[in-house]
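Asker: Below are the chains, spelled out letter by letter.
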Amino acid sequence: MPKAMGAVKQAVPAEIGGERDAAIAGRRAAGQAAPTRKSLPIVEGFVLAAALLAPLLLQDYLTVFATRVIILALFALSFDLVWGYAGIMSFGQALFFGSAGYGVALLARDLDITNIFLVLPAGTLIGLAFALLLGGFLLLGRHPSSVIFVSLGTLTGSYAADRLARGWYYLGGQNGIPSIAPMSLGSYEFTEGPAFYYLVLGILVVVYLLCRFLVRSQFGLALAGLRENEQRIAFFGYKAQHLKAIIFTIGGAIAGLAGSLYAFHEGFVWPNMVGVVVSTQVVLYVLFGGSGTLIGAVIGAVIVEGVSFWLSDNYRDIWPIILGLLLLLVILFRPLGLISFVLGERERVGSFRAKPKDNVKEKRNAP
Amino acid sequence: MLLEAAGIKKVFGKLTALDGAALTVGENEFHGLIGPNGSGKSTLMKCIAGAEVPTQGKVSFVNADITAFTPTERARAGMSLKFQITSVLPSLTLYDNILLALQAQSSLVDLVFSRTRRLLHDQVMTMLTQFRLADRAFEAAAALSHGQQQWLEIAMALAGKPKLLLLDEPTGGMSLEERRVTGELLQPIKQHCSLVIVEHDLDFIRDICDRLTVLDQGKVLASGTVSEIQANTSVQEIYLRRA
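Chains L and X, in that order, are what the protein sequence lines are.
For the first sequence, numbering that gives the first Met the number 0 begins at 0 and goes up steadily by one.
For the second sequence, numbering that gives the first Met the number 0 begins at 0 and goes up steadily by one.
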């Protein structure tokens, strides 16, 4: 913490004198915060603009790649909510991602259900249900469960699902389920390309905004308390375990949504999708981009996938080593992720400010 | 009686921290818990607050047996605790620290839609003003001095309007002036809240408490009004022994 706190941009440095001091004193008296630099909306706007323009500028095969990355960014959001905001170390997030992928693949294969309005809610529900089951078991004890218990529990869940998928003939064993029919809307079929890209981007934006609403609410403040000192907030009377189970379940639902999109985009599902490799991958996205900021998770997914893509093209044999070193360097020197280059600590953590206006809903100024 | 802890025994491995300790606190009573280092004061506080589960014994609060209650359940029953080590949330603003404490019993829907936000704003500012922190409301709690962090934490512990507040060494690390102010800040809460206070500063205890319980080696050595305890020879002895 000390390192992080060193970066705190204090709202009112003591040495400021003269006019500004008086202005600040005035604001203080009015119960308002001194203005802090607002970089977050700029970063968000920039990322959105880049995402909107990408298919116009990229070659077709790169648009397909970019679609995959956006889906993974959605997946990263789910982990960020759980770890970055609530401090629950879920090392098995792929369980929800992959089980939803398998679920919709089975719907398409065995029941010929590919309608977007059926398969996406179904995938979301599958992720939600698995997260509720696992989260209920791991988090809802009478006394708080330890970080080790939760991380090992989620990891085991993901590992077991991987083994199960590999060994179960109905699920296609090692090969998974190939040639899933495309997702459809009436007679229209979503195949790889710009339409699928914008669909996925639209979903990401909506989910992002919902998450933003959530983490800026009073519920988000409770999550911050949970992350920083779970024991303390239990003594205030918070049902800390319930809060954790709720956010874990929401995270599972988002992962499920991402997993079902992924299954239809790739056209097949395979055991890795529920396993430890993908579970770890999402942890890296979020650590790399900056946990505890929604945009950090998105940026992390884009950069890790983009860099891997470029490296594997140019350094065919040793690219994983280069990527690994890069990740280590970021985690070592930028523990708060790449986003911390542009986002101060105060803005990252966020706060309620000023007096809530009578008819305007006050929101917590958190990323 | 508001709080009755009886026959509390707590064993950690081979160490018996408490051996049949007891504590009784009435309504609107400020009760001091004193004793030499290692006498079991903090452990008794933790057993009352629910941070530790006693090996034996019974804790009742407002006529209900709460021995097996979790900290959350105790808080909801009207008990509040300020830890010995300050545990304000350093990266949040003072305002958010207090709001976090105040909104603890808001419903989930209210939290998600920030519905109690406007309602609680005035209470947050009142608490901050009462504890002389209002002008720093929107700074990170980490920027406060140690003494101010202690006040912030007392304010947070009081935010939920508890019937009983447990304070573990509130003046630890404070200057003389800060101690005096702490005493002043605590006086007004007597109208609606009882207090159990663990403290090494005997002058401070004497000034604000109605009754005292003295612990020694996990047992109650004496319990009574401040003047009774001051006149008690065995109490004088352990403090002389320590000196």
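Check each hint, because a few of them may be wrong.
[To be verified] Taking beta-carbon pairs under 10 Å as the criterion, some of the chain L residues facing chain X (in silico):
1. Asp59
2. Val63
3. Arg211
4. Gly219
5. Leu220
6. Arg231
7. Phe235
8. Gln280
9. Val282
[To be verified] Take a look, some chain X residues computed to stay more than 10 Å from chain L by CB distance:
10. Thr15
11. Pro35
12. Val61
13. Thr71
14. Thr92
15. Lys162
16. Arg205
17. Asn231
18. Thr232
It should be emphasised that the hints constitute simulated quantities derived from the structure, not laboratory data.
Ideal Cβ placement from N, Cα and C applies to all residues, glycine included.
Asker: Please verify that hint: Val282 of chain L, Cβ, nearest Cβ of chain X, below 10 Å or not.
Answerer: Where the cut-off is 10 Å and the nearest Cβ of chain X is about 22 Å from Val282 of chain L, the hint is violated.
Asker: Please verify that the nearest CB of chain L lies beyond 10 Å from Lys162 of chain X's CB.
Answerer: Label holds. Min Cβ-Cβ 13 Å, cutoff 10 Å.
Asker: Identify whether the interface hint at Val63 of chain L stands, where standing means a beta carbon of chain X within less than 10 Å of its own.
Answerer: 37 Å, violated
Asker: Would the hint on Arg231 of chain L be counted as holding, given a Cβ-Cβ threshold of 10 Å to chain X?
Answerer: 5 Å, holds
Asker: For Thr71 of chain X, which was marked as not at the interface, is the minimum beta-carbon distance to chain L over 10 Å?
Answerer: 5 Å, violated
Asker: Over 10 Å from every CB of chain L: does Pro35 of chain X meet that, or does the non-interface label fail?
Answerer: Given that every Cβ of chain L is farther than 10 Å from that of Pro35 of chain X, nearest at about 27 Å, it holds.
Asker: If we take the beta carbon of Thr92 of chain X, is the closest beta carbon in chain L still more than 10 Å away?
Answerer: Incorrect as stated: the minimum Cβ-Cβ distance to chain L is 4 Å, not above 10 Å.
Asker: Against chain X, is Phe235 of chain L within 10 Å by beta-carbon distance?
Answerer: 4 Å, holds
Asker: Answer holds if the nearest beta-carbon of chain X is closer than 10 Å to that of Gln280 of chain L; otherwise answer violated.
Answerer: 28 Å, violated
Asker: Per the CB criterion, is Gly219 of chain L less than 10 Å away from chain X?
Answerer: 9 Å, holds
Asker: Quick check on the hint: Leu220 of chain L CB to chain X CB, less than 10 Å?
Answerer: Leu220 of chain L check passes; min Cβ-Cβ to chain X is 6 Å, inside 10 Å.
Asker: Taking the minimum C-beta separation from Arg205 of chain X to chain L, is that value above 10 Å?
Answerer: Holds, because the least Cβ-Cβ distance between Arg205 of chain X and chain L comes to about 28 Å, which exceeds 10 Å.
Checked against the numbered hints above, the structure breaks hints 1, 2, 3, 8, 9, 13, 14 and satisfies the rest.
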